[in-house]
Amino acid sequence: MSSVAVRTVAAPAAGVGFNYPPMLLGAAVLLWGWHTGALLYAVPMALVLEGARWFPWSLALSDRDFERLSDGTTLLMLVLVVYQFDQHGVRGVFPVLRWMPTVVLVLVLGQVFTTRKNIKLSALFLSVRRAERRGQLEQVPVLDIRHPFFVLCLVSASAGELRSPAFFPLLIVLLAWAFWPIRPRRYPVILWLLAMLAVGGGGYVASKGLIELRRAVEPVLMEWALEYFRHRRDPFRSHTAIGEIGKLKLSDRIVMRVRPQNTLSHPSLLRQASYRRFSNNIWLAGAAKFEELTPEGGGTRWILQDVRGTPERRVGISTYLIRGKGILGVPNGTHEIRDLNVEELHRNPLGALKAVEGPDLVEFTAVYDPARSVDGTPQEAELAMPQEYREVIHQVADELSLGGLPPLSVVQRLHDYFIDGFQYSLEGATRTRLTLPLVTFLKESRRGHCEYFASATVLLLRAAGIPARYASGYSIQEYSEVEQAYVVRRRHAHSWALAYIDGRWQDVDTTPPGWIELEAADAPWWEGTYDLLSWLWYRFTRWRLTDTAGESNDWILWLVFPLVAVLIWRLYRRGELTRRPSTNRNSRLVGRPQEESGFQLIAARLHAAGYPRREGETLAAWFNRLQQTQGVVGAAEVQASILPLHYRYRFDPAGLGPDEFQRLRRDVESWLAQYPLAKA
Amino acid sequence: MLQRLFFKNFHLAYRFDQWVRQRFTPMGMIILSGAIASGMFAVDTRRTLAYQLLMLAAVVVVLGMVAAPFFRARIQARRRLPRLATVGEGFEYTVALTNRGQRVEKGLFLSEALRTRPPTFEEFARTELPGGERMNWFDRYVGYPRWAWLMNRNRGARVAAFALPDLLPGAETPVRARLTPTRRGYLRFAGFSLLRPDPLGIFNARVRLKQAESLLVLPKTYEMPALSLPGNRRYQRGGVALASSVGDSQEFMSLREYRPGDPTRHIHWRSWARLGEPVVKEFQDEFFVRQALILDTFMGHRGSRRFEEAVSVAASLARNLSGRESLVDLAFVGDKSYYFTAGRGVAQTERLLEILACVDVCMDQSFDALPRVVMEHAARLSSCTCVLLEWDEARQRLVEALNALGVPVRVFVLQSSDVNEKLDTGPMAAQAHRLHALQVGQVEAGLLAAASAEDSTSPVPLATQGAA
Numbered sequence: 001m002s003s004v005a006v007r008t009v010a011a012p013a014a015g016v017g018f019n020y021p022p023m024l025l026g027a028a029v030l031l032w033g034w035h036t037g038a039l040l041y042a043v044p045m046a047l048v049l050e051g052a053r054w055f056p057w058s059l060a061l062s063d064r065d066f067e068r069l070s071d072g073t074t075l076l077m078l079v080l081v082v083y084q085f086d087q088h089g090v091r092g093v094f095p096v097l098r099w100m101p102t103v104v105l106v107l108v109l110g111q112v113f114t115t116r117k118n119i120k121l122s123a124l125f126l127s128v129r130r131a132e133r134r135g136q137l138e139q140v141p142v143l144d145i146r147h148p149f150f151v152l153c154l155v156s157a158s159a160g161e162l163r164s165p166a167f168f169p170l171l172i173v174l175l176a177w178a179f180w181p182i183r184p185r186r187y188p189v190i191l192w193l194l195a196m197l198a199v200g201g202g203g204y205v206a207s208k209g210l211i212e213l214r215r216a217v218e219p220v221l222m223e224w225a226l227e228y229f230r231h232r233r234d235p236f237r238s239h240t241a242i243g244e245i246g247k248l249k250l251s252d253r254i255v256m257r258v259r260p261q262n263t264l265s266h267p268s269l270l271r272q273a274s275y276r277r278f279s280n281n282i283w284l285a286g287a288a289k290f291e292e293l294t295p296e297g298g299g300t301r302w303i304l305q306d307v308r309g310t311p312e313r314r315v316g317i318s319t320y321l322i323r324g325k326g327i328l329g330v331p332n333g334t335h336e337i338r339d340l341n342v343e344e345l346h347r348n349p350l351g352a353l354k355a356v357e358g359p360d361l362v363e364f365t366a367v368y369d370p371a372r373s374v375d376g377t378p379q380e381a382e383l384a385m386p387q388e389y390r391e392v393i394h395q396v397a398d399e400l401s402l403g404g405l406p407p408l409s410v411v412q413r414l415h416d417y418f419i420d421g422f423q424y425s426l427e428g429a430t431r432t433r434l435t436l437p438l439v440t441f442l443k444e445s446r447r448g449h450c451e452y453f454a455s456a457t458v459l460l461l462r463a464a465g466i467p468a469r470y471a472s473g474y475s476i477q478e479y480s481e482v483e484q485a486y487v488v489r490r491r492h493a494h495s496w497a498l499a500y501i502d503g504r505w506q507d508v509d510t511t512p513p514g515w516i517e518l519e520a521a522d523a524p525w526w527e528g529t530y531d532l533l534s535w536l537w538y539r540f541t542r543w544r545l546t547d548t549a550g551e552s553n554d555w556i557l558w559l560v561f562p563l564v565a566v567l568i569w570r571l572y573r574r575g576e577l578t579r580r581p582s583t584n585r586n587s588r589l590v591g592r593p594q595e596e597s598g599f600q601l602i603a604a605r606l607h608a609a610g611y612p613r614r615e616g617e618t619l620a621a622w623f624n625r626l627q628q629t630q631g632v633v634g635a636a637e638v639q640a641s642i643l644p645l646h647y648r649y650r651f652d653p654a655g656l657g658p659d660e661f662q663r664l665r666r667d668v669e670s671w672l673a674q675y676p677l678a679k680a
Numbered sequence: 001m002l003q004r005l006f007f008k009n010f011h012l013a014y015r016f017d018q019w020v021r022q023r024f025t026p027m028g029m030i031i032l033s034g035a036i037a038s039g040m041f042a043v044d045t046r047r048t049l050a051y052q053l054l055m056l057a058a059v060v061v062v063l064g065m066v067a068a069p070f071f072r073a074r075i076q077a078r079r080r081l082p083r084l085a086t087v088g089e090g091f092e093y094t095v096a097l098t099n100r101g102q103r104v105e106k107g108l109f110l111s112e113a114l115r116t117r118p119p120t121f122e123e124f125a126r127t128e129l130p131g132g133e134r135m136n137w138f139d140r141y142v143g144y145p146r147w148a149w150l151m152n153r154n155r156g157a158r159v160a161a162f163a164l165p166d167l168l169p170g171a172e173t174p175v176r177a178r179l180t181p182t183r184r185g186y187l188r189f190a191g192f193s194l195l196r197p198d199p200l201g202i203f204n205a206r207v208r209l210k211q212a213e214s215l216l217v218l219p220k221t222y223e224m225p226a227l228s229l230p231g232n233r234r235y236q237r238g239g240v241a242l243a244s245s246v247g248d249s250q251e252f253m254s255l256r257e258y259r260p261g262d263p264t265r266h267i268h269w270r271s272w273a274r275l276g277e278p279v280v281k282e283f284q285d286e287f288f289v290r291q292a293l294i295l296d297t298f299m300g301h302r303g304s305r306r307f308e309e310a311v312s313v314a315a316s317l318a319r320n321l322s323g324r325e326s327l328v329d330l331a332f333v334g335d336k337s338y339y340f341t342a343g344r345g346v347a348q349t350e351r352l353l354e355i356l357a358c359v360d361v362c363m364d365q366s367f368d369a370l371p372r373v374v375m376e377h378a379a380r381l382s383s384c385t386c387v388l389l390e391w392d393e394a395r396q397r398l399v400e401a402l403n404a405l406g407v408p409v410r411v412f413v414l415q416s417s418d419v420n421e422k423l424d425t426g427p428m429a430a431q432a433h434r435l436h437a438l439q440v441g442q443v444e445a446g447l448l449a450a451a452s453a454e455d456s457t458s459p460v461p462l463a464t465q466g467a468a
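Order-wise, the sequence lines are chains A and B.
Sequential numbering of the first sequence, starting at 1, is according to the working numbering.
Sequential numbering of the second sequence, starting at 1, is according to the working numbering.
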């Protein structure tokens, strides 16, 4: 490792060698400290930063040393990020931002305590480092690290929790402080002052305007984004796709995860809402007002119906809420909801459950008894028949001889009727005449999606004198080995009928069973990857919403060690690749200004002796001319030994080793001593 | 197809990048970066006050841009360039600025506007970035680093805006500008960009001053000791030397000091008596030993460092071999031959360097096109120095043919920096000391080693030379 040499140099005169406005950086650090509550750190930081201009010593840091400082800063940043995310979850980005100036300070001190005015970007960025090693850069860009540090202090300060009204005017003061030394001489001072006033006034107006804009736009954007990405059940109406032409296709997005808890079997249907009236291809709930339920057991347990002594089946359900609201999908016969972390739960007489003021993801347990019904008793609407369908429904009912049959036999006959004589299809009906779509379904096409089957079944049940409702929700069919749970996708959305038989509402699903396979056949080839990402997002959301008060997810800290180990291995592996004998980058002197090689002294002496270099003449051509044409003594020696070394020093990417550089300096001194060269 | 789509957007991205770099001052770039950094956190105005910083920065930038269109300056500029420049060697030149306006112009900056031709898709696809094989797959596929490298190469020089002194009305003010060519060939100057920062010093208003001009940039050359010349002892005489008559013979040119190996019948006895040391008569055809230089330009892609180093080696040899003892009067560059019949010394060398400055890779023909051209001029060859890109069968056949003609040959083969194989001598087995492998990145050291190797194995003592 190259040693860091410390040498005593004369302290530069104030303002000489430092073109940064005095005290500006210290002021920015103090602003950061004040606004973030880190004044205890900010004061010594500011003192050290500004005190560098009076410090009599300086460090001789090489490019390699800056690379190591940069890598060390990266490691510190990594530790800070992991720690803050562990403590605060995704909101840890703000504490990271607030503390970043302390991490970057090391790099800044590395520059202010050297004589360098800037740092090569290859020391800071891996991509530039690699491009430099590949020889793709004619000139490596450099950066005065104080500039981005100044910006970082201001941005970090803005993330402070103080939110003081003095922050804005102080920002303007700092900006004016930074602008004043670089103001163009072309303009009078009054114009500059007016411009700064305009900046302050305009900035204030723009800030206020931005806040108002956010207030106006945010709700609209949220509504649009969440509507687009999330499915939402309306408990008051269900717009069916009955009658639509074209292929019905819902997405493969996973919307729920189901885990049976105390039974090997699982419910096949999760109901979200049910409806009574059918009109214009729309099912309506009618007068079904939601009423708030009172929670028990710490506010996470909701009793829908007090039942005792019945066999209890439990199933765990995870589902997303939209802006904290959503309709829950539960099995038929659910009488209790446990571990539901929402502020309010409402229920309507048709059994829909609406959660209010909850997190983005809720996980609850539904306790149900398939032999029990907790929904209300049937009303007159559940026997009503839409006028437009009366004739055809009764005709079909007569064909099936439903009249007079026991209710269970009616259900069985309808099952057989639809499964034997109908086909499931995602394609919409092709209407050749002005007929009602349900009529076309029953009499002509005999194919359609689940909404057709459910609607027709409800109406036929009613024609048979059995109260019936239209239900919508999801079908549980797919088990995921990765997630160890049943996954419910949006394309598993389903509709079926509810029949009131033997004093309880029972599921009647007459959709031919092959519909799941038909839907799955349309799944895209990337579904596996998509599911994995969905699972990762689900796990992340769970972790994010886990209550971390008083505890931390310590497991994430264990990520630090392998990550740091990988980073260190990569850093030093790269170090191994660069440690070639011929390119010892620790001590290559490359591309320095030619003054440092001493060659300009030889040029100056020749110029003074009357042998100037011509305009546009290269050094090689110059010395060739001096030697061959003008016979200048000493020109041959320069050409043979000094000039090649000087060229390599200036232009060779590999540069000169320290020995060669010393030899160059010695040769120059020897030449100067040997050839005084009187004026020609 | 995706690559073409990316390619179409590169120019837009590049122009935007250049526009930002030129129009924003260093402080402006700081403000811009502050705006971007604060913008990431400004969206949620409830969490941070970064939106205040963003708005301040945005207002500063907007004020600067609003002031830009009002810049008017009646200034003419004229540059005085040198005749030639060399790659990698910065030079200064004068720009004369004349203020035709009525008031003093202060605080202005001037920048050269170099005409930069964007590469075609075919050029882009057939260029390999130096070190590109070590890039990650994304950069290799998208190709923007390759595009940026091509644009920088096409631009040809590093230029930076510099501050102008106060320009008095009606006066001509000369300023010194500095430029460093980064590639050989012609630099095309379109004119100048005159820049004026806004009152806050953030954004530059710009006025373009047209002055089109070209400058030829010669290839980089390496310093190397004089090489021992194969065929040095071969004198090619066009006429009969009249040993007894000085000044009568048309071929007799001048006298010079005796060198070991000179025929004694050329000794000018009268001058020896007067000077006390042997002096010989120097004949016109005797003096110059004709050197042919062959540069291999046959390569499948552009952008190769190996090719550029080959050109530099050829240029170095052109200078090195042209001296008092010899002359490169025949050059084969690609599939073309160049015969220099008039002039000698610096002018002829410069002519050859100008040719080398503009040489490009020959991608459409194979190496077999070159031997045909060389053999057409076989009668003129006295010795030949070859700078080759490969040492394959085709190239070895050319060298073999030259050997069969009795032409002394020296061969330099350029190898990539990661190749360090010893060359199979092949047709150079009998004179292996004249077969040299030069590695990219260590060419100068290789040339020095080659000179040492030839010096130590030359059977003929070196003639006294003017050079060291």
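The reader is advised that the hints may include incorrect statements.
To be verified - Just a few of them, taken from the derived set where beta-carbon distance is under 7 Å, the chain B residues facing chain A:
| hint | residue |
| --- | --- |
| 1 | S33 |
| 2 | G39 |
| 3 | T45 |
| 4 | T48 |
| 5 | L49 |
| 6 | V59 |
| 7 | L63 |
| 8 | T86 |
| 9 | Q102 |
| 10 | K106 |
| 11 | L110 |
| 12 | P199 |
Just so you know, the hints here were simulated from the structure itself, not pulled from any lab data.
For every residue, glycine included, the Cβ atom is placed at its ideal position computed from N, Cα and C.
A quick look at each hint next to the structure:
Taking 7 Å as the C-beta contact cut-off toward chain A, the hint placing S33 (chain B) at the interface holds, the least distance being around 6 Å. A cut of 7 Å between beta carbons decides the hint on G39 (chain B): the least distance to chain A is about 10 Å, and the hint is violated. Against a cut-off of 7 Å between C-beta atoms, the interface hint on T45 (chain B) holds, since the closest Cβ of chain A lies about 5 Å away. This hint holds: T48 (chain B) has a C-beta 4 Å from the nearest C-beta of chain A, less than the 7 Å allowed.
For L49 (chain B), the interface hint holds, the least distance from its beta-carbon to any beta-carbon of chain A being 4 Å, beneath 7 Å. For the restraint placing V59 (chain B) at the interface with chain A, the shortest Cβ-Cβ distance is roughly 4 Å, inside the 7 Å limit, so the hint holds. The interface hint given for L63 (chain B) is met, as the beta carbon of that residue sits about 6 Å from the closest beta carbon of chain A, less than 7 Å. Interface hint at T86 (chain B): satisfied, since its Cβ lies 5 Å from the closest Cβ of chain A, which is below the 7 Å cut-off.
With a cut of 7 Å, the hint placing Q102 (chain B) at the interface with chain A is violated, because the nearest CB-to-CB distance is about 15 Å. With 7 Å as the threshold, the beta carbon of K106 (chain B) comes within range of chain A, its nearest partner Cβ sitting at about 4 Å, so the hint holds. Violation of the interface hint for L110 (chain B) is found here, the shortest Cβ-Cβ separation to chain A being roughly 14 Å, above the 7 Å cut-off. Taking 7 Å as the C-beta cut-off, the interface hint given for P199 (chain B) holds, the closest approach to chain A being about 5 Å.
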